[in-house]
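Take the sequences, apply the hints, and build the full model.
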Amino acid sequence: MADTLLIRRAIEGDERALRQLWSQYAPHIDAVVFRLAGDRDLAADIAQEVWMQIFRALPTFRGDAQFGTWAHRIAVNRTLNALRKVRRIGKAEVDIDEETAAVENDSDRSFVAESIEAATARLPEGARTVFILHDVEGYTHEDIAEELGITTGASKSQLFKARAKLRRLLAHLVDEPTPATEQRRHAAPRS
Amino acid sequence: MLHLDPDRLAALADERASAEESAHLAACATCASELAAYRRLATLAAQARAPLAAPLSDWDALSAELTEGRGSDIDSARGARHWWGRGWPRVALRAAAAVLLAAGGVLVGRASVRQNASPSSAMGAGSPASGAQLASTTAAGSESPDSLHILTVRDALAVMQRAENDYRTAAAFIAAHDTTGQPDPNRYRTRLAALDKISNAALAAVNEAPSDPVLNQFLVSTNSTKAVTLQQLRRTLPTGYTLTSY
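As given, the protein sequences belong to chains G and E, one line each in that order. Sequential numbering of the first sequence, starting at 123, is according to this note's numbering. Sequential numbering of the second sequence, starting at 109, is according to this note's numbering.
No lab work stands behind these hints: they were computed from the structure. Treat the hints with care, as some may be off.
A short, non-exhaustive set of chain E residues, derived as facing chain G with CB atoms under 7 Å [said to hold, decoys possible]:
(1) Ala-118
(2) Tyr-146
(3) Ala-153
(4) Gln-155
(5) Ala-158
(6) Pro-159
(7) Ala-266
(8) Gln-269
(9) Ala-301
(10) Ala-302
Remember, it's a predicted structure, so these values are computed and weren't measured experimentally. Glycine included, C-beta positions come from ideal geometry on N, C-alpha and C.
Quick look at the structure:
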């Protein structure tokens, strides 16, 4: 069923249409929530609230954007609000530190996604949120500034610091093998 | 040679380098390699935007929350139509119950009129109550949601479904056992013509609001009554005749 018809039926209260919307978009929407929350249990709770918000706001959906884009926006906004309450994030500047956070192993996730999740979990909340919003979700610094209540400059600063740290944490994924390292790798078995 | 600042290299993953920076990157393999690593990081980050294999949210819980009209602290007053709003499902249920009772009253009322034409009726109706009167009487004596153990909309819908099933069973019983007096095919034809009009109006309403449970149930009830009346009309036909129109 086309999204427009599906959404119309959902607005009219057709539970099957609501369920179909949820089935179609939940893997994407819940993934956004999970990436931002970084914790499966917390993300599950927030995802539930996000979907309630999406369903309640459905009558205000005007079709200016794709439903997925519109719902994604709600998901990000709602998740950030929930995280603010939980973690009191949103302070303008957060220093990068070496604190680690627990990362849950999820066999559903690809190796790259898991590696990035594990690495981003080691970032302070502010930098982590900016990195996910900008580099993963594709938000602009202006959007991020508005969502987080910070300046675009602060958003950029957080992002570059996050990238610098992630570049080190994910060296095994992002470094190109140099002739020297290749040589060492080949030479290793002999030593 | 002074290398570019790590934050600046991180920025250059998606920002344009100045002429001076470009010249440096062309000459410095270390910085060029670092920039390549940042660009790969950006590519990996974009790839991390993958859907989950299974949602974290739970449909059953969402469905329950929607029908309950609970929904945490979300602003529900945006001036939009909210079918799951707190108040209206119960109002709709009351309306549906009234429709069902009135429809039941119409059928049973007609049966009562006919019974009263014959004092020996096995149905034992007391007075020649009209359908409306019967509906009104029944509604006045109806039980409260509490006594029916209705705590949620789902409970209420289940009660409605049971009531409708009971109604259909009773109507079918009347059709099968109402042998008082001589069967009058014209009466059934008149009833069917009226039911056709009601059914068409209900169908048009359902087409306007395909998901409206009240309208759908009204249409189903009307069509059930039509089916019962058709049975009664068929029984009036001489053996070997098939009903092709009414």
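Consistency of the hints with the structure:
The beta carbon of Ala-118/E comes within 4 Å of a beta carbon in chain G, closer than 7 Å, and the hint placing it at the interface holds. Interface hint status for Tyr-146/E: upheld, as the beta-carbon distance to the closest one in chain G is roughly 6 Å, under 7 Å. For Ala-153/E, the shortest C-beta to C-beta distance to chain G is roughly 4 Å, which falls under 7 Å, so the interface hint holds. For Gln-155/E, the shortest C-beta to C-beta distance to chain G is roughly 6 Å, which falls under 7 Å, so the interface hint holds.
Because the beta carbon of Ala-158/E sits about 6 Å from the nearest beta carbon in chain G, less than 7 Å, this interface hint is met. At about 4 Å, the closest approach between the beta carbon of Pro-159/E and any beta carbon in chain G falls short of 7 Å, and the interface hint on this residue holds. Because the closest C-beta pair between Ala-266/E and chain G is about 15 Å apart, greater than 7 Å, the hint is violated. Hint status for Gln-269/E: violated, given a least beta-carbon distance of 15 Å to chain G, over 7 Å.
The restraint placing Ala-301/E at the interface with chain G is violated, with a minimum CB-CB distance near 31 Å, outside the 7 Å limit. Restraint check, Ala-302/E versus chain G: the minimum CB separation of about 29 Å is more than 7 Å; hint violated.
Checked against the numbered hints given earlier, the structure breaks hints 7, 8, 9, 10 and satisfies all the rest.
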